[in-house]
Amino acid sequence: MLSFNGLVAVCVFYVAGLFAIAFLAEKRAAEGKAGWLNSPVTYTLSLSIYTTAWTFFGAVGSAARTGLEYMTIYLGPTLVFIGWFWLLRKMVRIGRAQRITSIADMISSRYGKSGGLAALVTVLAVLGTTPYIALQLQSVTLAFGVFAAPGPGGAPDSALTAVWIAGGLALFTIVFGTRSLDVNERHPGLVSAIALEAIVKLFALVAVGVFVVWGVASGPGDIVARIEESPIADWTSNGARWLGLTVLSGAAILCLPRMFQVLVVENQDERHLATASWAFPLYLLMMSLFVLPIAVVGLNVLPAGSNPDLFVLTLPLHLNQGGLALLAFLGGFSAATSMVIVASLALSTMVSNHIIVPIWMALTRGEDPMSGDMRQVALVARRVSIAGTLTLGLVYYRLSGGSEALASIGLIAFLGVSQVLPALLGGMVWRGATRAGAAAGIAVGFAIWAWILLLPAAAAALPVEPILADGPFGMAWLRPATPFGLTGTDPLLTAMVLSLGLNAFFFILVSLMTFPSPLERLMGAQFVNVYDHAPAPAAWRGSVGTADDLLVMARRILGTGRAGRLFREAAEAQGREDGLPEPTPDFLERLERELAGSVGAATAHAMIAQITGGASVSVQDLLAVADETAQMMEYSSQLEAKSTELAQTAARLREVNQKLTELSVQKDAFLSQVSHELRTPMTSIRAFSEILLADDGLDAEARKRFSVIIHDESRRLTRLLDDLLDLSVLESGQVTLNERAVKLADVIDRAVYASSALARGKGLAIRRDRASENIELMTDADRLVQVFVNLIANAQKYCDAETPELTISVRRVPGRIELEFADNGAGIPPQKESLIFEKFARLEAGSEAPGAGLGLAISREIMARIGGGLSYVPGHGGAVFRVRLPSRALRAA
Amino acid sequence: MRVLLVEDEANILEAIRFILSRDGWEVMAHGTGATALSEVARVRPDVVVLDVMLPGRSGFDILRDLRAADETRTLPVLMLTAKGQSRDRETAMALGADAFLTKPFSNAELVETVRGLLAEGAGQGGGAV
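If you're matching them up, the sequences are chains A and B in order.
Numbers 1 to 893, taken from the numbering used here, label the letters of the first sequence in order.
Numbers 1001 to 1129, taken from the numbering used here, label the letters of the second sequence in order.
Keep in mind that a hint or two might mislead.
[To be verified] Here are the simulated lysine-lysine pairs, BS3-like style, with alpha carbons at most 25 angstroms apart:
| # | chain 1 | residue 1 | chain 2 | residue 2 |
| --- | --- | --- | --- | --- |
| 1 | A | LYS839 | A | LYS659 |
| 2 | A | LYS667 | A | LYS839 |
| 3 | B | LYS1083 | A | LYS667 |
| 4 | A | LYS839 | A | LYS797 |
| 5 | B | LYS1083 | A | LYS832 |
| 6 | A | LYS113 | A | LYS90 |
| 7 | A | LYS659 | A | LYS704 |
| 8 | A | LYS659 | A | LYS832 |
| 9 | A | LYS839 | B | LYS1083 |
Calculated directly from the structure, the hints in this document are not laboratory data.
One chain only, chain B, in its complex shape (with noise of 0.2 angstroms):
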């Protein structure tokens, strides 16, 4: 299973990429907002992780584009800001956002949350076969 990483912070990428990739994931890492959407047109993720504040282009855009788009419509993503406001989690789920945490979480917690996405994109994906 493969889970696309969209974020700036490179400490924080490296963290997250150990944890995903010791739990069995494909990790693929962006380090970028501008060119997040082909990226992941590129790399056909089963799961995104995505950051707020990214340079070029904010997570919520890209978030509004990929609900926008057909075939990213139903794409699981899981949204991480550092600000600690209710309303970006309100503004997240608004957009069509699958799940979010806020920073610092707890490693097991960023595990399950993203292991419920994929349960929860494979159901939907098993009822259609």
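Here chain A stands alone, though its shape is the one from the complex (with noise of 0.2 angstroms):
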């Protein structure tokens, strides 16, 4: 016998080996030799899963304390292998074309990709998955406390070591199950790994069974014979109660999250489904052979007394067969672990897609969904999701402490799951079938279900002793053990047969009487006629043919631009001249993760599937479908982005639109300004003229005031001409610069000259720093004063200020040099900054002001030319104008 520290440390040498083939799987995998991986014997043990420690320990359980009725266990899966193989198919078919990622996103991308939907399955998911987590914890922990007996470290602490072995399992998911967020979620180490185990429960099961049909009784006569005599041959069979756990467990093998992992998201190849259908039913049928033989020979043997689910443990015990009692321990072990582990795995999947990233995007709104980011917080989700269902069963376990009967906890987890069955099914075969019939019929059955078997389940911990007595609010007929007054049935075939029942009837009510949304039509279309859209092929092929095709398809998804640039590239990368791409491989890869990005996966991968598939859907009927989904908008978030993409860019052509009729109606407001502004001294002149011309009686003084008037106004003539022509010349870039070695600080001097000359009477006082001005500059020095003298000329006209000042300041900036004219005014009113520097902007008293308001327009363009610049500087009081000019005018010092 080995010490319990023995028993661990074999443990630990199994559970390495495990992490070894899972390493080595994984490396092969990424290397792209598939080899064993790919075949279907390891796709046909991985849905060995099915037979967890409940089936390796608890089958010879039940067939000692009810006779032949573990056989249903087994009887269903292979009735639907056998028998509805063509729904697995189908559903295996579904769900590699669709991406699905587990059962609740096969329910809810049927439905319409249905947040809720996927939401309620995850739920139903957790709550009849934990408690089979716990029973698989509860019997590793039993097998334990048989198989060690206490040494000299005195007995193990069985609570703890539940919680080495959910810590153990949460790891090893986590190490091999989260490793990155695989397009396909395939995961070929754990794969590979759950096969192993596969074979290792088998042996041991098997081994047990030879050794007590060969090595205790005289062959399977004497086996026949005992069984004749044994309390088991008394037990009559309930023709009902078989059915009915046929029927489940049946619906389980489709229903269960670990099972759908197994048999649809980890299928390699969808061939491998049919060695599996006959493997499969050959593999349970191998776990059933000798069930009823460790039974019997278990309850001659062992004392009476001894629990009937540790018969396959504590039989090689008792007749002191170590080794053979450590294979079965292992045994049990793989089978508790391998569930655990695909379990947990296919939950966190669940958990983390439809609650988990949902929330988190809900409360991140407005940030990128594509970026690398949220592929971390998947990935966190997903981690914190598997230790998260592993402490959920190990508190379950705790809480329930234990109970008896392990297959009672298993059929109650099964009944819950099953509640997705007639979604499932109906969602496959029925086009009808809607999402709001699919969760009326899931909650129902859910509701009923937690009812009648749940809550009298989770009793123990609850306070719910009264209800169970007397029903809720005391009425009797809704007590849960005993609905509608029904006495003497088998609860669990009550609740089977009231909760699914409903379920169906409802569901298929419900879909009657709702209409399904454009996008649950479509889902609906390629679920239930999935042959005829898309093949499942192992890599992407196609012809030369369907090139033209696909580019036809990829420019009403990306755009002609978008798609002809990939093309192009594709088609340059291959060295083809003629711009169309081989439809390689590699190539029909990258377009359809374009396509992905604006459609979404499923969709991309579906419409290039009909595309080089060589389906019988024309082009037409697939361009029909691209049609239908841009209708679709509204309902893909996807979509959205490209709505709002178009949205912008039809905003973006009214913006331009309404410039270039802004710009018209300028250029109108131009010529307006410039007629105005020659007709306004023009009309002096002429009439003054006139006066002058038709009048004797005018004394001199009148003659000398009007001939200056004249005089004046055609200067003012003049100076709008020459600053229009100015204008023009620098708007039209033919101006050139005279450059030449020059002072700022003469520069300066120039403009102030100029200005105090033009000034008649109005002090401004200027305020210079000479010291700051000495700076040597290569530039168009004329052209810096005419720019000098606008500012000046700008602070004369519009300070108001009591004593105007202007403030001249230079600024050695790197690279550059500023200037800063500042006044002491009131500034220029925030709504007018926009205005100042248009031409034949005036401020309000600018009517007086020389000039026609094309001063500051020209200085723009000057510094514009020299290859600085001018801008106001706003909220400094007065006005402030800063010149910046250019690094190459600074000449080296």
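Fit chain to chain and form the complex, with the hints in mind.
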């Protein structure tokens, strides 16, 4: 007999072996050498996670208690695999075509990518799987307790054992289940380890069976004789319960999240399913072959009162077969660990995809959902979900305190997850099934199941005794154990008939009453008619003739420009000159990724499949699908992004159009302004010259005064024409700069001198810091003077301070020089700031000011030609203009 | 007879004032659009000569308000504009201007137009008497 520590060492060694296998498989898969990974045998063996520790240990216990009833657990899946092969194949085909990641994803995808439905199924799966995980932890812990005799170190702490096991399983699942967010969610390492465990558990059970039949008894004949003598022969079979349990286990293999994971998600090749359709029933047969002999011999040999759930282990131990017992222990250990690993992986995918990530996205709305950060969140969510799932199982195990009959918990869980069956089957065969129908059916079935089975099972931990005894609010007819006064019937059967029956009834009824959304209709068609649409090729393949079709489709989805670029680049990379690339698998995968960004992965996949797969669907049909998809923008968030893009393009177009219109209006306004500015002085000139011509009675003073006006207005006209010509030359860029070396201080001097000559009696004080102006420049000094004169003239015109002052400051900034012309007036009102550089812009008092309002416009043009800039600096009290001179104007000192 | 001249260009204002004064008019001048309406109410002119481009308020806005008020609904108004676009003339006539001159105009043209306005206004006034 092994010590407790020895047993732990064996387990650790065994698990280390599993790690090694998993690592090796991942490595080979990454190198593209699938080999034995990609074999139907591995696939079939991975399906064996159906037989958990419950089946491994509990089937013998069930046989010892209730005779052949345990057979139903094997019979249901066998019938499904043989009789309903078409349905399994359809499920796998749909799963692959739509890139389904879990049973919740399957249901949600079918019913219009409903997030609510996915969350509902996820909750159902968590509730149905948690007791099951607890069951595995319990059986392994029990096995530990039986096997490891109290050694010198004292009795092993069973609670602590469960914690260690749960922790180890979480680690394994996280390492091999969440290494990356795989596109197809496949986990080759994990599947290999599961397959190995399947071999161990089958080998262990058969070994114990062989030992029992030929080592303890004297062959099959003896066993039959022993059965006849044992109480097992006296059990009368209950037809209804037999049928019920068979249907239930058949439903479970379709609906259990972990079965969906290995059956559909981890499926490498659809052809593997054909092998599994006979190989898996064979595996189940071999698992069940020795159950009855072990049970009978256990009842014979072991002392009365022994727990029949542990016969597989206690029988060899009792007969001093330590090695065989260890093998049996490892078999049970394998069964438990493989189930927990896959179940927690499947649950974590659902919890993270349908609960955590949607919540996270809702909380961080508006950020880019395609960013790498998002993938990180999904990975972390998945790891947390795995740890959470196992913690939940552990908590359930501790609370339930190790219930006696393992089988009953298992069956309750079966019925729980089977509530998705009507929606699942209906969704695959009936296009009329709707989201509302699915939600109604699942909710009703779920509620009935929880009321009749879950509540009494959880009674130990919850204060529900009065409800159990008298019904809610004293309504006895609703008493969970005997609803509608149904006494004397099996509660499991009652719950099953009621929950599944009403589930299906409401599913059909509500589906008939409601109308599916466009997306539901599209997905319904893709699910029900999956064989018409998507072939399931291992890799993309295509013919040259399809390149045109692909381009036409890609244009519809990506737009002409982007699609054209994509195809051209690919053609160049392939060395083809006609611009159309060979549809190689590489290119098709790239195209699919591009399309997926716009229409979603599933649609993109289906679209390419339809064009390249030689399916009976024509390109026209496909384009119709594309058009229909476009109409569904409101339902798809990815398409919503596309629609936003379109809207933005339209808005830009409107903007440009508006600008053009504005330009045209501006041109008219400019001409009108020019006309006004020319006609105004001409009016005075004409009026006064007519007066001078016609009137003889004018005194000399009046004559002189009118002549001065005519003279002034003529000069004003000339100046205006000069400015207009100057501006037009500057704007057309035909100006020649006369660059030469000059001192900044000299330029400012010239400007100030010219301004004081212009300013008639207006005393504007100009303050300067000559030291800072000692800078050598290489620039067009005349033009710069023109700009400074304009700025000084502006201050003369508009500075409304009592004692107007203009401060000219010079600042050397790395790479350039900045001059500021700041006056001490009221500044420019904020609403006028955007106007001041416009032509003919004059502030209120401008009518008295000389000039046509072209000064700043000209100055800004000059500064642009020189390579610097002119801007207004708001918020300084007075008006502040900043002149920037470029670094190249600086002369090396 | 009294004419109110609303014009912001000082030189043009001086020219028109000189021309109309010599024709026997009592000329009142106003340089901004913002307070032109109150000036009309204060001066009570027989004719208004109104520039379009005025600081504060455009001549069109002032004309609209003159036509909306009962006391000035029939007050003869001559609009002046330097923009030279036919659209301005249409706008002025639609708003109820009695005459319209594009700058630059001849002195004789101005005198005749203003006299004509008064004759119309007097004719209407005579009818009332």
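Evaluation of the provided hints:
1. The straight-line distance between the Cα atoms of LYS839 (chain A) and LYS659 (chain A) is roughly 17 angstroms, inside the 25 angstroms bound, and the hint therefore holds.
2. Using a Cα cut-off of 25 angstroms, the hinted pair LYS667 (chain A) and LYS839 (chain A) holds, with the two alpha carbons roughly 11 angstroms apart.
3. At roughly 14 angstroms between alpha-carbon atoms, LYS1083 (chain B) and LYS667 (chain A) fall within 25 angstroms of each other, so this suggested pair holds.
4. Distance check on the hinted pair: LYS839 (chain A) and LYS797 (chain A) sit about 17 angstroms apart at the alpha-carbon level, within 25 angstroms; holds.
5. A C-alpha spacing of about 23 angstroms is found between LYS1083 (chain B) and LYS832 (chain A), which places the hinted pair at or below 25 angstroms, so the restraint holds.
6. Taken as a hint, the LYS113 (chain A) and LYS90 (chain A) pair is honoured in the structure, with Cα atoms around 19 angstroms apart against an allowance of 25 angstroms.
7. The suggested pairing of LYS659 (chain A) with LYS704 (chain A) is violated, with an alpha-carbon distance near 50 angstroms, which exceeds 25 angstroms.
8. Restraint check for LYS659 (chain A) and LYS832 (chain A): satisfied, since their Cα atoms lie roughly 20 angstroms apart, inside the 25 angstroms limit.
9. Between LYS839 (chain A) and LYS1083 (chain B) the CA atoms are separated by roughly 16 angstroms; this keeps the pair inside 25 angstroms, and the hint holds.
Going down the numbered hints, you'll see the structure goes against just number 7.
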